[in-house]
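**Q** So the sequences go chain by chain: A and B. Just so we're aligned, residue 425 is where the first sequence starts under our numbering, counting upward by one. Just so we're aligned, residue 425 is where the second sequence starts under our numbering, counting upward by one.
Mixed in with the good hints there might be a few duds.
What the hints assert, rightly or not - Here are the simulated DMTMM-like pairs of lysine to aspartate or glutamate, each with C-alpha atoms no more than 20 Å apart in a straight line:
| id | chain 1 | residue 1 | chain 2 | residue 2 |
| --- | --- | --- | --- | --- |
| 1 | A | Lys-546 | B | Asp-642 |
| 2 | B | Lys-639 | A | Asp-587 |
| 3 | A | Lys-456 | A | Glu-429 |
Since the hints were made in silico from the structure, they are not lab data. Since the structure is predicted, the reported quantities are computational estimates derived from the model, not experimental observations.
The residues making up each chain are set out below.
There are 2 protein chains.
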Amino acid sequence: MKLCEFLGIKYPIIQAGMVWAATSPLAIAVSKNGGLGTIGAGSMSEEELRDQIRQVKDATDKPFAVNIPIMYGNAETQIKIAIEEKVPVVITSAGNPKLFTPVLKDHGIKVFHVVSSVKFAKKAFEAGVDVIIAEGTEAGGHNGREGIATFPLLRAILSELGDVPVVAAGGIADGWGFAAALMAGASGIQMGTRFVATSECEAHPAFKDAIVKAKDQDTVLIGGSVMAPTRVIRNRFADEVLKAEREGKSAEEIGLMFRGRSRLGIREGDLENGSLMAGQSVALINEILPVKEVINRIVNEALLAARSFNIQNLFCSH
Amino acid sequence: MKLCEFLGIKYPIIQAGMVWAATSPLAIAVSKNGGLGTIGAGSMSEEELRDQIRQVKDATDKPFAVNIPIMYGNAETQIKIAIEEKVPVVITSAGNPKLFTPVLKDHGIKVFHVVSSVKFAKKAFEAGVDVIIAEGTEAGGHNGREGIATFPLLRAILSELGDVPVVAAGGIADGWGFAAALMAGASGIQMGTRFVATSECEAHPAFKDAIVKAKDQDTVLIGGSVMAPTRVIRNRFADEVLKAEREGKSAEEIGLMFRGRSRLGIREGDLENGSLMAGQSVALINEILPVKEVINRIVNEALLAARSFNIQNLFCSH
Chain A
425 MKLCEFLGIK YPIIQAGMVW AATSPLAIAV SKNGGLGTIG AGSMSEEELR DQIRQVKDAT
485 DKPFAVNIPI MYGNAETQIK IAIEEKVPVV ITSAGNPKLF TPVLKDHGIK VFHVVSSVKF
545 AKKAFEAGVD VIIAEGTEAG GHNGREGIAT FPLLRAILSE LGDVPVVAAG GIADGWGFAA
605 ALMAGASGIQ MGTRFVATSE CEAHPAFKDA IVKAKDQDTV LIGGSVMAPT RVIRNRFADE
665 VLKAEREGKS AEEIGLMFRG RSRLGIREGD LENGSLMAGQ SVALINEILP VKEVINRIVN
725 EALLAARSFN IQNLFCSH
Chain B
425 MKLCEFLGIK YPIIQAGMVW AATSPLAIAV SKNGGLGTIG AGSMSEEELR DQIRQVKDAT
485 DKPFAVNIPI MYGNAETQIK IAIEEKVPVV ITSAGNPKLF TPVLKDHGIK VFHVVSSVKF
545 AKKAFEAGVD VIIAEGTEAG GHNGREGIAT FPLLRAILSE LGDVPVVAAG GIADGWGFAA
605 ALMAGASGIQ MGTRFVATSE CEAHPAFKDA IVKAKDQDTV LIGGSVMAPT RVIRNRFADE
665 VLKAEREGKS AEEIGLMFRG RSRLGIREGD LENGSLMAGQ SVALINEILP VKEVINRIVN
725 EALLAARSFN IQNLFCSH
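Same shape as in the complex, but just chain A (with noise of 0.2 Å):
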């Protein structure tokens, strides 16, 4: 599949939908320079969902996303409401993609859903899903219990499934990443991480700070072992989570433990008490850019990666 023909944008560039970051601006700037910007509807109400929505509907007429974690109380209404304001994508998550699919497909909604493993990927497809991300362990945030990489998840998935339409998610954050996935067999990339440290997100200036100043080694999976673990930049907050597991505290206690943390961390800017969600990719974002300058570079970079690409001049006659 062409993605950006499926899709109608420029760039088979996705932006994640984090919470909390993902708003409106963000999105509409996405979408404006070619790539398809989301909504990440998990920290909303019903009434800010509708109002982002309608927000990116009045700024541009770029298709856009909304993210549906579907394991959560409301995400019934949530897709009642994406349909309602006839959202062109929505990208459901960490639940079963049956549960939506065929009402978002018959009112003519494209969906996509996230996975972490082969055997998700499998299901989704079943359920009818248009395109799956594949998210590798690698991805900030919310990740699968697999702890598969991004790469052989991309490759297995490919492998078993045959020619399926797939987004690799998870350390891209450079044209050298997107160029590799896209050579894969990716039909395109998902980008949360980076997509923070822009101008046009309202994540907190403190955060995406930390992104920028965080190295290869500083992010850390937490709650890992009483639930599916969650990347986040190492800090107090992660320290007392990965003390709590130690300790063999149980599911619900540690659960508590998380209630309040990603506003904290990602809108407040509590650098030492909020759950500070961000990948591996932490390693290669150096700037805080403006949208437009981040699609370009990527793009930049994909352009001159591929143009300068000649595998046979790897080899040689020995």
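Put chain B on the given structure of chain A with help from the hints.
**A** Positioned in the frame of chain A, the structure of chain B alone reads:
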């Protein structure tokens, strides 16, 4: 750097030095078929190592490597043997590259060093290492503590250190992954698990079958709470280690659990009680093949991927 020219080989494909599996028949087959075969010294006595090296030299004039984990007590002796036997390439891992790089280079030996983070990559080049092998969390066996996946690790090293020679290792077992790594700027790839599942490898047939059967979700990192983790195919032994970790057992106690287990799994084929070291690439390995066929396939797939790659075609003018 053009790795093939530097090494005098045909394809920039390095066979990893897996304990109990990387013995002379495998190294000979890889080197004869255009890659860089490697003897894994980690599990060998002095006599065995010398004998293995001589077997390779007797069988082929092609270059080959010896992998020496430098944290073990016999590393100094093994380095001495490599020098005496005029081994063309030494791959050091699991330790400080300053220790032996100068003496190896004084004897005209090319030095590669395995790293799991940008920090260790910097240290390796400062120590005079020729090429680093960036090994991501996808890889089988002993793993870095940092948990960084292969592609973000590769990109982070190249973007921080500039145009340095980096071999990508971890999660790669087919030509699309090979081509993607080269596109992302790698000078070559290293594969371990793929080469275990070959007719020439002296690993136990039952272990090779376990690799063929294993799916994307079937490997797990064990021991990581108290030491550098090891990636294995999940079995009774792995579950026992994970249980001991949950119970807060000491590093010493858990370390003892590993004693003799890799030989038991890899050479004796005890699929329940052995340590079945393998990477996430198990998902991509569906057949035991001769080495010649593994190399021909991956090269042909990579050439096919590269020939059919046209990045402009993946963009639209919307």
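**Q** Run every hint past the structure and note whether it holds.
**A** Right, here's what the structure says about each hint:
About 17 Å separates the Cα atoms of Lys-546/A and Asp-642/B, which keeps this hinted pair within 20 Å; it holds. Among the hinted pairs, Lys-639/B with Asp-587/A is consistent with the structure: their alpha-carbon atoms are about 19 Å apart, no more than 20 Å. Annotation: proposed proximity of Lys-456/A to Glu-429/A holds, straight-line Cα distance about 16 Å (limit 20 Å).
In the structure shown, no violation is registered for any of the earlier numbered hints.
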